[in-house]
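Kindly produce the complete structure, drawing on both the sequences and the hints.
From first to last, the protein sequence lines stand for chains A and B. Just so you know, this note's numbering puts the end of the first sequence at 369, numbered straight through with nothing missing. Just so you know, this note's numbering puts the end of the second sequence at 1253, numbered straight through with nothing missing.
Rather than coming from a laboratory, the hints here were simulated on the basis of the structure. Please note that a few of the clues may not be correct.
Stated by the list, open to error - Only some residues are given here: those of chain B computed to face chain A with a beta carbon under 8 Å:
id, residue
1, N1039
2, G1092
3, M1101
4, P1116
5, E1125
6, A1129
Backbone N, C-alpha and C define an ideal beta-carbon position, used for all residues, glycine too.
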Amino acid sequence: MLDILSFLSSWLPIFCIYAILALCLNMEVGYAGMANFGLVAFYGIGAFVAGYTSMTVFLSFYGYDYPIYSLEAIIAMGKIAEKTPWLNVSVFILSLALAFLISGLAGYLVSFPTLRVGPAFLGITILSFGEMFRVFMKHFQPTGGSYGLLGIPHPFAWVSDPLTKNTLFIVISLAILISVFVYFELLANSPYGRVLKSIREDEVASLCLGKHVPRIKAEILFVASGISGVAGALYAFYLGSVTPDMFVTAVTFEVWSMVILGGRGNNLGAILGASIFTLLSRATSILSFVFLDLLIDPNYIRWMITGVLIVVTLMYKPKGILEEGPVKTKAWKIFGENGRGQARVMAAILKAGKYLKSALYWLIGRETK
Amino acid sequence: MDSILEVKNVSKRFGGVEALRDVSLEVKRGSITGLIGPNGSGKSTLFNVITGFYKPDSGSIFFEGKRIDGLNPNEIYDMGIARTFQTPRLFGSLTTLENMMLSPKGQRGESLLRAPFRKMWINEELQIANEVGALLKEFDMDGLYKMAASDLSGGHVKIVETSKGILGRAKLILLDEPTAGVHYAVGRSLFEHIAYLRKTYNLTFFIIEHRIDLLFDYVDYVYVLHLGRLLSQGTPDEVALDPKVIEAYIGGA
Chain A
1 MLDILSFLSS
11 WLPIFCIYAI
21 LALCLNMEVG
31 YAGMANFGLV
41 AFYGIGAFVA
51 GYTSMTVFLS
61 FYGYDYPIYS
71 LEAIIAMGKI
81 AEKTPWLNVS
91 VFILSLALAF
101 LISGLAGYLV
111 SFPTLRVGPA
121 FLGITILSFG
131 EMFRVFMKHF
141 QPTGGSYGLL
151 GIPHPFAWVS
161 DPLTKNTLFI
171 VISLAILISV
181 FVYFELLANS
191 PYGRVLKSIR
201 EDEVASLCLG
211 KHVPRIKAEI
221 LFVASGISGV
231 AGALYAFYLG
241 SVTPDMFVTA
251 VTFEVWSMVI
261 LGGRGNNLGA
271 ILGASIFTLL
281 SRATSILSFV
291 FLDLLIDPNY
301 IRWMITGVLI
311 VVTLMYKPKG
321 ILEEGPVKTK
331 AWKIFGENGR
341 GQARVMAAIL
351 KAGKYLKSAL
361 YWLIGRETK
Chain B
1001 MDSILEVKNV
1011 SKRFGGVEAL
1021 RDVSLEVKRG
1031 SITGLIGPNG
1041 SGKSTLFNVI
1051 TGFYKPDSGS
1061 IFFEGKRIDG
1071 LNPNEIYDMG
1081 IARTFQTPRL
1091 FGSLTTLENM
1101 MLSPKGQRGE
1111 SLLRAPFRKM
1121 WINEELQIAN
1131 EVGALLKEFD
1141 MDGLYKMAAS
1151 DLSGGHVKIV
1161 ETSKGILGRA
1171 KLILLDEPTA
1181 GVHYAVGRSL
1191 FEHIAYLRKT
1201 YNLTFFIIEH
1211 RIDLLFDYVD
1221 YVYVLHLGRL
1231 LSQGTPDEVA
1241 LDPKVIEAYI
1251 GGA
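Listed below in structure tokens is the structure:
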């Protein structure tokens, strides 16, 4: 039997990271209607910013002056990573903050040439931006070129027990995921969320209602790209290394399929989609370890299942598993209704009454319709 | 009556096509003013120039004495000009209530920083919702508040479109063919609705319309565009008898 605990400890960090990415993409695609095909760029920027910052700070704190991608630096990092707990934690926090700011800024800057053109142009521009980023990083020597960075210090490297270490990391990731979810839920169920949806439905009509559409789109690109950067930073710290080839376009489309499957315009749906796809990838990678002599590597089957899932979703549940709900700002209270809950309770009571009535009629021997 | 909107010598070219040529007109405050003309005469272009979608090549536009040409559409809405489109452009998957609640300008909760803090905007939100509720009740539509706008009937869509501007405190509402695609009787009740709004809310309407028979029963003043130029103007009776207008519509010898 599989060990549940070790399964969870290998699944949860990846789940958290992808769920954060799916939430960000859902904000851009599901709410604001911006086809972001280059999510991976901001994710990658976050990862590289985190790796670069943490290694530079550590090496200079201990007075080494090797370039951070050199073999000497990697060996030195192995020695110093667990010496000073406070430095690990503060570098972790600093890296997350920097990853947010720099990725967010990149998203904001990308918005300038793209916001005034149509959605397709935005998608293609960001898509090529993502690919350009990867190719650029492969040739960018300060972060190690195509070898990337190795030896990024784990924020809890000073904890000797590996299970505790991993658990602490999972707790932090879950906390970040939950706060991102709460923040996005608050945004979505506010007048701001309503404006976002109006932009998705009809940009021109939204402009005609006095909404500053380009500014709002740039804001959302800033926030969502920044938080994708945080996810990237978490990924860098989790793996302890980053290479440019981890950020291929396929990552973007994996997150897209999570949003499509889970439900566009529904934050819970994004998380659900992320959990389904990360579970699937865990399951297939475990299968490939268990059954070594299969004809096809289960990891490839995973991509086939992904494709089938998307086609089936689009055919039978085009809005995703969890459908988009109304904007919950309590404005409907004006109409003397307490939302759907009350309506449902009333319907249930009426139905129960009907059954009761027919039972009574049956008891006294009269026919009912 | 003073004029609320003044268009002075506006010209607009698209490449070789002269869509508007030296057009000057004014809309009196509190009036229902009509704008008619054959297809391609530049009526919608004029609306797009007034609402900031196109910048005029020359000429100027004044709204309540302030120059507005060159402003962005959202800034022009903020000044008090609302518009509708030839094909209704409600936000399909949003409810009627949400559609109408998007109209009020400068809502506190529509800023990224304030949005997560419900306390900062909930009072304003409820106040707007109250206003929307009263308005929907006025039009006998209060049962439809949570219906998706794409499920509304054509007549209801038109009513929501023409009335949304009230919530945004618009003073002038530009309607681009309000009765296109609805039955004659619905069109007439829509014009009754417009006349009612003007009286109740002191609004000014500037209306493009092809159904001249309907339009002429309700407007105070009519402008006629033909090939980008102002062909004629006057009260409905004057315009209807103008031989130039008849020639433009029916085609002269």
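Query raised in the report: Going through the earlier hints one by one, which of them does the structure break, listed in rising order?
Result: Violated hint (a single one): 1; every other hint is consistent with the structure.
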